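**Student:** The listed protein sequences derive, respectively, from chains V and X.
Under this note's numbering, the letters of the first sequence match residues 333 to 446, in that order.
Under this note's numbering, the letters of the second sequence match residues 19 to 236, in that order.
It should be emphasised that the hints constitute simulated quantities derived from the structure, not laboratory data.
Fair warning: there could be bad hints in the mix.
Restricting the straight-line Cα-Cα distance to at most 25 Å, the calculated cross-link-like pairs of lysine-lysine (DSS-like) are [claimed, not checked]:
# : chain 1 : residue 1 : chain 2 : residue 2
1 : X       : LYS121    : V       : LYS418
2 : X       : LYS65     : V       : LYS380
3 : X       : LYS137    : V       : LYS421
4 : X       : LYS129    : V       : LYS417
5 : V       : LYS363    : X       : LYS49
6 : X       : LYS129    : V       : LYS418
7 : X       : LYS100    : V       : LYS346
Okay, the calculated bits of chain X under chain V, using three or more residues with CB under 8 Å as the criterion [said to hold, decoys possible]:
#  : segment
8  : 87 to 101
9  : 109 to 116
10 : 142 to 154
11 : 181 to 189
Bear in mind the structure is a predicted one, so any value in this text is a computation, not a measurement.
Virtual Cβ for every residue (Gly too), placed ideally from N, Cα, C.
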Amino acid sequence: MNFDTISNIRKLAKSSYYQTIYSIGKEHDFKIFENNINLTDLQITFLKYLGFYSSLLTDVAMGDVDEVVLKYEIYEDAYMLYKSKKDRKALTNREPPTPQKSSSWIFKNPPRSE
Amino acid sequence: MDEIQKTDKIEEVTKKVNEVLDLSKIEDLIKKNEIEFELDGQKYRIKKPDFKQKQEAYQKRIEKFTELLGNEKYLLEDALKKMYLKRGIDIDGMFKKTVQLQKERDSFSMKLGELIANKGSESEMEQYRLEIERVNREIQEFSMKRTVFLEFSIENQVLIYTYSYLTSMITEKLIKDGDSEKWVNVWNSLEEFQQDKEKVSNRISYYAAFIIGMDADV
Chain V
333 MNFDTISNIR KLAKSSYYQT IYSIGKEHDF KIFENNINLT DLQITFLKYL GFYSSLLTDV
393 AMGDVDEVVL KYEIYEDAYM LYKSKKDRKA LTNREPPTPQ KSSSWIFKNP PRSE
Chain X
19 MDEIQKTDKI EEVTKKVNEV LDLSKIEDLI KKNEIEFELD GQKYRIKKPD FKQKQEAYQK
79 RIEKFTELLG NEKYLLEDAL KKMYLKRGID IDGMFKKTVQ LQKERDSFSM KLGELIANKG
139 SESEMEQYRL EIERVNREIQ EFSMKRTVFL EFSIENQVLI YTYSYLTSMI TEKLIKDGDS
199 EKWVNVWNSL EEFQQDKEKV SNRISYYAAF IIGMDADV
């Protein structure tokens, strides 16, 4: 797949029409394609970009990133790459959760009544 | 045909594919795993190969690979690379350079991403964008060159053969059958497909390549 084909797939995935179908589809099992199985590479790439733009457009809507990100595909890719690496780093650096004291006493046999 | 002419030819074919595959056609290709189109008044349909067809193609691929391997006129990719190296063309070096360029692009992208996330200056963003575009062009150039140089390797010939075989299997045309219509195979064999009018098979090959995708690399 060349750059122009991918760019066209991205335009479709970014459109409000397909983004709406995608968000409805996630909640209500709405079909995007006529075929459920044996997807083509083009369809798989399209699905990948639907998810990509869903995440990016949410960030724009939430004000996490300025609309300038939507100006060029290179901006979109760069922001998402930075975001994913930052998220991954934050996940790796997170301290492991300290095990909470187990309330073992509840499993003990109740004291026998004399 | 020298290397420059070959690269020009690839660019010309890519341009043609883009003309054929405009936004509406891409949308048609996405909706389902088949495409219908009309050519010279004849309706055609190309459907993604099913499991059985892919298995048949795989068998044919093995046969073709074994056949070419037994013929000393053909060379494997590695042998071809060694021959090129003797003539001063380092294909593995090109690959390494591509990997290096991809790392360079990722580094620019990270800086640009950070700038966007932190609402940095737009002129700085623009500079990074231009740098990334330059690196992308270089990567594309190396990739095209590599494709041209390795065009005649056994691996590439087998891949082309598998594409052609699958295309000849999955292309149908609509014909009249009494009062109704039905879809029938356009070609009965790969040989028939290869001998068909170039215009018809070329246009079909464009669409088939998108429908087949990685299935040729079974």
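**Student:** Please go over all the hints and tell whether each is borne out by the structure.
**Tutor:** Against the structure, the hints come out as follows:
{"no.": "1", "hint": "X:LYS121 to V:LYS418", "verdict": "17 Å, holds"}
{"no.": "2", "hint": "X:LYS65 to V:LYS380", "verdict": "22 Å, holds"}
{"no.": "3", "hint": "X:LYS137 to V:LYS421", "verdict": "21 Å, holds"}
{"no.": "4", "hint": "X:LYS129 to V:LYS417", "verdict": "12 Å, holds"}
{"no.": "5", "hint": "V:LYS363 to X:LYS49", "verdict": "10 Å, holds"}
{"no.": "6", "hint": "X:LYS129 to V:LYS418", "verdict": "12 Å, holds"}
{"no.": "7", "hint": "X:LYS100 to V:LYS346", "verdict": "45 Å, violated"}
{"no.": "8", "hint": "87 to 101", "verdict": "violated (count 0)"}
{"no.": "9", "hint": "109 to 116", "verdict": "violated (count 0)"}
{"no.": "10", "hint": "142 to 154", "verdict": "holds (count 6)"}
{"no.": "11", "hint": "181 to 189", "verdict": "violated (count 0)"}
Violated hints, in rising order: 7, 8, 9, 11; the structure is consistent with all others.
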